[in-house]
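Could you slot chain B onto chain A? The hints should help.
Number of protein chains: 2
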Amino acid sequence: MLKAKVYVTIKQSVLDPQGVAVQGALHSVGFREVESLRIGKYMELELDTDNRQEAEERLQQMCEKLLANTVVEDYRYELEG
Amino acid sequence: MLKAKVYVTIKQSVLDPQGVAVQGALHSVGFREVESLRIGKYMELELDTDNRQEAEERLQQMCEKLLANTVVEDYRYELEG
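Protein chains in written order, with our numbering: chain A, 10 to 90; chain B, 10 to 90.
Here chain A stands alone, though its shape is the one from the complex:
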């Protein structure tokens, strides 16, 4: 059993209206020091395998095929022990 963490973020060149809205909400309640805010997804997975190399390859395939929209999003992943 391996645990993995996947981070999917919107590319820097792409607008993030959700982040802009949350930044505006923070400003409106007094957190004016927030100069920028971008929102992404964070996923925790449990994989039924003990082969780290295979798990990394499979994670990359999952991200490319389903977890991230690579036109507008970047992804990265980490495997835990």
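Source of the hints: derived by calculation from the structure; they are not laboratory data.
Hints are supplied without guarantee of correctness; some may be wrong.
As the list claims (entries may be wrong) - Result set (EDC-like, lysine to aspartate or glutamate): computed pairs, CA atoms no more than 20 Å apart in a straight line:
no. : chain 1 : residue 1 : chain 2 : residue 2
1   : B       : Lys14     : A       : Glu82
2   : A       : Lys20     : A       : Glu89
3   : A       : Lys14     : B       : Glu87
4   : A       : Lys14     : B       : Asp25
5   : A       : Lys12     : B       : Asp57
6   : B       : Lys14     : A       : Glu87
7   : A       : Lys14     : A       : Glu63
8   : A       : Lys20     : B       : Glu53
9   : B       : Lys50     : B       : Asp25
10  : A       : Lys20     : B       : Glu63
11  : A       : Lys74     : B       : Glu44
12  : A       : Lys14     : B       : Glu53
13  : A       : Lys12     : B       : Asp83
14  : B       : Lys12     : A       : Glu66
15  : A       : Lys12     : B       : Asp25
16  : B       : Lys12     : B       : Glu44
17  : B       : Lys12     : A       : Asp25
18  : B       : Lys50     : A       : Asp83
19  : A       : Lys50     : B       : Glu55
20  : A       : Lys14     : B       : Asp83
21  : B       : Lys14     : A       : Glu66
22  : B       : Lys74     : A       : Glu42
23  : B       : Lys12     : B       : Glu53
24  : B       : Lys50     : A       : Asp25
25  : B       : Lys20     : A       : Glu63
26  : B       : Lys14     : A       : Glu53
27  : B       : Lys74     : B       : Glu44
28  : A       : Lys12     : A       : Glu53
29  : B       : Lys50     : A       : Glu55
30  : B       : Lys74     : B       : Glu63
31  : B       : Lys74     : B       : Glu87
32  : A       : Lys50     : B       : Glu63
33  : A       : Lys74     : A       : Glu87
34  : B       : Lys14     : B       : Glu65
35  : B       : Lys50     : A       : Glu87
36  : A       : Lys14     : A       : Glu66
37  : A       : Lys50     : B       : Glu87
38  : B       : Lys14     : A       : Glu63
39  : A       : Lys50     : A       : Asp83
40  : B       : Lys74     : A       : Glu44
Chain B only, in chain A's frame:
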């Protein structure tokens, strides 16, 4: 200027229907090794301050007040240099 990362996750005792749906989608395209999958939010912030201690306190306030729903979500944050 300090950069911060905020992770908001659904508490273990709370159902995560979005995660269940994504897990099902992964299974249906052949990634049957995924035993569990939970989805949270990941935020990158830039803060207009150089005081790390103040920034940490302010981040905690932001999470408690606006970024996380502490009834059903946990949060954690990291400050970068």
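Hints and how they fare:
| no. | hint | verdict |
| --- | --- | --- |
| 1 | Lys14/B with Glu82/A | holds (17 Å) |
| 2 | Lys20/A with Glu89/A | violated (25 Å) |
| 3 | Lys14/A with Glu87/B | holds (16 Å) |
| 4 | Lys14/A with Asp25/B | holds (16 Å) |
| 5 | Lys12/A with Asp57/B | violated (35 Å) |
| 6 | Lys14/B with Glu87/A | holds (16 Å) |
| 7 | Lys14/A with Glu63/A | holds (16 Å) |
| 8 | Lys20/A with Glu53/B | holds (12 Å) |
| 9 | Lys50/B with Asp25/B | holds (13 Å) |
| 10 | Lys20/A with Glu63/B | violated (29 Å) |
| 11 | Lys74/A with Glu44/B | holds (18 Å) |
| 12 | Lys14/A with Glu53/B | holds (16 Å) |
| 13 | Lys12/A with Asp83/B | holds (19 Å) |
| 14 | Lys12/B with Glu66/A | violated (31 Å) |
| 15 | Lys12/A with Asp25/B | holds (18 Å) |
| 16 | Lys12/B with Glu44/B | violated (34 Å) |
| 17 | Lys12/B with Asp25/A | holds (18 Å) |
| 18 | Lys50/B with Asp83/A | holds (15 Å) |
| 19 | Lys50/A with Glu55/B | holds (18 Å) |
| 20 | Lys14/A with Asp83/B | holds (16 Å) |
| 21 | Lys14/B with Glu66/A | violated (26 Å) |
| 22 | Lys74/B with Glu42/A | holds (15 Å) |
| 23 | Lys12/B with Glu53/B | holds (7 Å) |
| 24 | Lys50/B with Asp25/A | holds (14 Å) |
| 25 | Lys20/B with Glu63/A | violated (29 Å) |
| 26 | Lys14/B with Glu53/A | holds (16 Å) |
| 27 | Lys74/B with Glu44/B | violated (33 Å) |
| 28 | Lys12/A with Glu53/A | holds (7 Å) |
| 29 | Lys50/B with Glu55/A | holds (18 Å) |
| 30 | Lys74/B with Glu63/B | holds (16 Å) |
| 31 | Lys74/B with Glu87/B | holds (18 Å) |
| 32 | Lys50/A with Glu63/B | violated (27 Å) |
| 33 | Lys74/A with Glu87/A | holds (18 Å) |
| 34 | Lys14/B with Glu65/B | holds (11 Å) |
| 35 | Lys50/B with Glu87/A | holds (16 Å) |
| 36 | Lys14/A with Glu66/A | holds (14 Å) |
| 37 | Lys50/A with Glu87/B | holds (16 Å) |
| 38 | Lys14/B with Glu63/A | violated (29 Å) |
| 39 | Lys50/A with Asp83/A | holds (11 Å) |
| 40 | Lys74/B with Glu44/A | holds (18 Å) |
Going through the hint list in order, the structure does not satisfy hints 2, 5, 10, 14, 16, 21, 25, 27, 32, 38.
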